[in-house]
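J.: Chains as they are written, first to last, in my numbering: chain A, 1 to 363; chain B, 1001 to 1422.
Hints are not guaranteed to be accurate.
[Stated by the list, open to error] Taking beta-carbon pairs under 10 Å as the criterion, some of the chain A residues facing chain B (in silico):
{"id": "1", "residue": "210"}
{"id": "2", "residue": "215"}
{"id": "3", "residue": "233"}
{"id": "4", "residue": "234"}
Honestly, the hints are just simulated from the structure, not real lab data.
We put the CB at the ideal spot given by N, CA and C, even for glycine.
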Amino acid sequence: MALIDGSRLIIESLARAGADAFIGYPITPANLLYQYSGQRMEIMLAAPDEISTLQWMSGLSATGRIPVTATSFPGFALMVESINMAYMMELPMVIILVQRLGPATGTATNGAQGDLLLLNGMISGGHPIPVVCTSDFEDCWSLAAESVKIAVQMRTPVILLTSKEEVMTYKSFDLSKLEKIEKADHKFYDKDCEYKSYKPTDMVPDFLPLTQNRHQVRINASTHDQMGILQHSTDEALANTRRLEEKIREKMKSHLIYTYDRQEGAEAIVVSYGITASAAKDAVSELRQAGRKVSLLIPKTLLPVPAAYLDILDNYQRIVIAEENMNNQLGSLLFGVSKPERLRFTGALGKMITPEQIIEEVK
Amino acid sequence: MNINILNTDSLPFCKGCGHDLISKHTAKALEKMGLSPLDVIMVTDIGCHGIIDKSLNTHTIHGLHGRSAALGAGIAFGIQEPGKKVIVFIGDGGATIGLQHILEAARLNLNMTVVVHNNMLYGMTGGQSSGLTPEGFHTTTSMEGNPFAGYDICALAHTAGAAYVARVTGIGDISEKFIKTFSTEGFSLIEVIEICPSYGVKFNPGRKLSEIIETSGRNPGEWVNDRTVFSHHQGKKADNLFNRTPQIQPLFSSLLEHPMSVILSGSAGEGVQLTATILSKAAMRSGLNITQKGSYPVTVGVGFSTAELNLSTDEIHFHGINIPDIVVVTSQDGLAHSKKRIGLMTKGKLFIDQSLTPPETGAEVIVSDFRSIGARTASLLAAIFFVKESGIFPMEAVFSTIEAEGLGTKLPVEKIRTALGI
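Using the sequences plus the hints, can you model the full thing?
T.: Right, here's the structure in full:
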């Protein structure tokens, strides 16, 4: 066993998956990720601010690197326009969002799960950005690598969502049970015939870095055609923008990751993600020991919202969603404003949700 | 392979716009330098200058308003291939928005060039004042004349550390100046002063560019810093972060039957966090699972310092502690911080230093002198006292952890043994 924190697992996993540059700046509770990156990543740069961070990452990504940063809401908010830029330019990168208590600077050293709805609408136009969320140390390992894979395969920024209690808590952990991580295949266009920066092959354009001199590369954050040339609103350019949405929605179907611990005959199900999933595991375990039949769903692919979750939830008379906010953000994503009567919510502000709290809602 | 930088002579700018001159002379300079178009990465952003992309045979990347210097910096960081040239086009508006990005690239002396198209206003959005608009210059947003002097972008970049900075008037053949700028190893910036034929001329009738330059004190010139170009200064890298996380083998056994939550609560400087790590590893050496987290104010050198631990024979999922089983208090700061949770305890044990007044609690209160061999070891002495009293695992698990962590000579182990009568 080793005494380890989630931050170390995430950075080691990212590096093994092929991430080779970290752009950082200090922000609690993401500082350990920054510190470990300095020890591990081939390139580690200290940016002067959040906008520079994302711009530097975009530049590095355009040269063929796979850059990473880690931040929390106050920094993330300042990155949003540049993440939109990277999304439009179709540049692979990973942004680790370590949630903490808001609004604004809130409490830097207090965990929270309050940023999911922000992520759902952060790309102008409402286009989805891939979001995967860690719920335990195994996820810190596997989903960090998955983020790199998604970023490279789909040419897109990916958000790895986590929270203070996951990246700053040490646990005894058996490293030998971690699965081997394959390096993501960051393929470059290798044909001699004409290259168009935004001509899709199976929805995703072939990538070429700005550093080669076989083909001209045009990268563009404004509405553009397949060549990458700015257009006002030609059919080709709008088709390109439409493709961005379809690419993520379609391709993320093969990155549907969740844990469904189904109990035969259960009429109730607990749904929880992120840090609260640990309390949910304990709650379900205690309920079962007491003879109560209950299932557990831990969604890990959060955005775009997989319809598969609703298919699972259709089987239950009672759904208890537990997440560390006041407003049931996952419930809103799944059910909109007309939440069904069978849905119950237990939340918390400024403290972790306890297993007892969840048990109470299931009863 | 195409050797022309531009793919057309007909550029998309207004008649008389200095941007046309800049683009054509940039191309002329690069061609004279013998650079192949695909060894050139042109970074543009929002503003009239940014519509040049489609006329270029180079690589192009078109980003956000004012951010091209930072985007270009990212590209410069990523280039390993020799002979590449990163050129950032930016307007005076963009240079205002992204001033920090220019200064940072200059400070680091990144290998790139920034070309500031200074036509003294935001042209694309209707002729508003920018941070580089000269005093007295009329714009859409300063119809009585700009009340402030503009930034001297050249002086700022030079002061920030740019290897080469030049200012030219956007008239005539400026390609030689571009060649000098582009040939610089490290960060270079060239500011080209022009007048917007649409808004600048319209709002400032009769004013000549030379007179505006003279009045504003932004005369042509060049400034240099003798500097080494940026390179990645990498410290020693680990090829595996787990190498710094040693495996802990269970050499002892534990008598723990049920999960136990422990809070160590003291003051900064009392070794609370280190004690927590020693206790965690000692528990692991005794075959237990643990979770450990710290809590302290942002001013880490003063005030309370608290550590929360969970110990269990089973895998631990939820690691929060509402009502602890054990609290170990070594100082007034620690007592104040944990008082509420101590008050909620209906069972368990409170270990508290004899200098403190125990609060109301349902826990069994055990008072001892934890500060007897100094404040710096108060937390460790108290924690080992707790291990001894509870018997959850052998005290030798703690002492062997101290040795294994290389702390045997740094911590007063013998004094602790004596104080505890072992």
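J.: Double-check residue 234(A) for me: the hint is only fine if its C-beta lies closer than 10 Å to a C-beta in chain B.
T.: violated, 13 Å
J.: Hold the hint about residue 215(A) up to the distance rule: shortest CB distance to chain B must be less than 10 Å.
T.: OK, holds: residue 215(A) within 10 Å of chain B, min 8 Å.
J.: Is the shortest C-beta separation between residue 233(A) and chain B less than 10 Å?
T.: Violated. Min distance 16 Å.
J.: Once the shortest beta carbon distance from residue 210(A) to chain B is found, is it less than 10 Å?
T.: holds, 5 Å
Comparing the model with each earlier hint shows violations of hints 3, 4; every other hint is respected.
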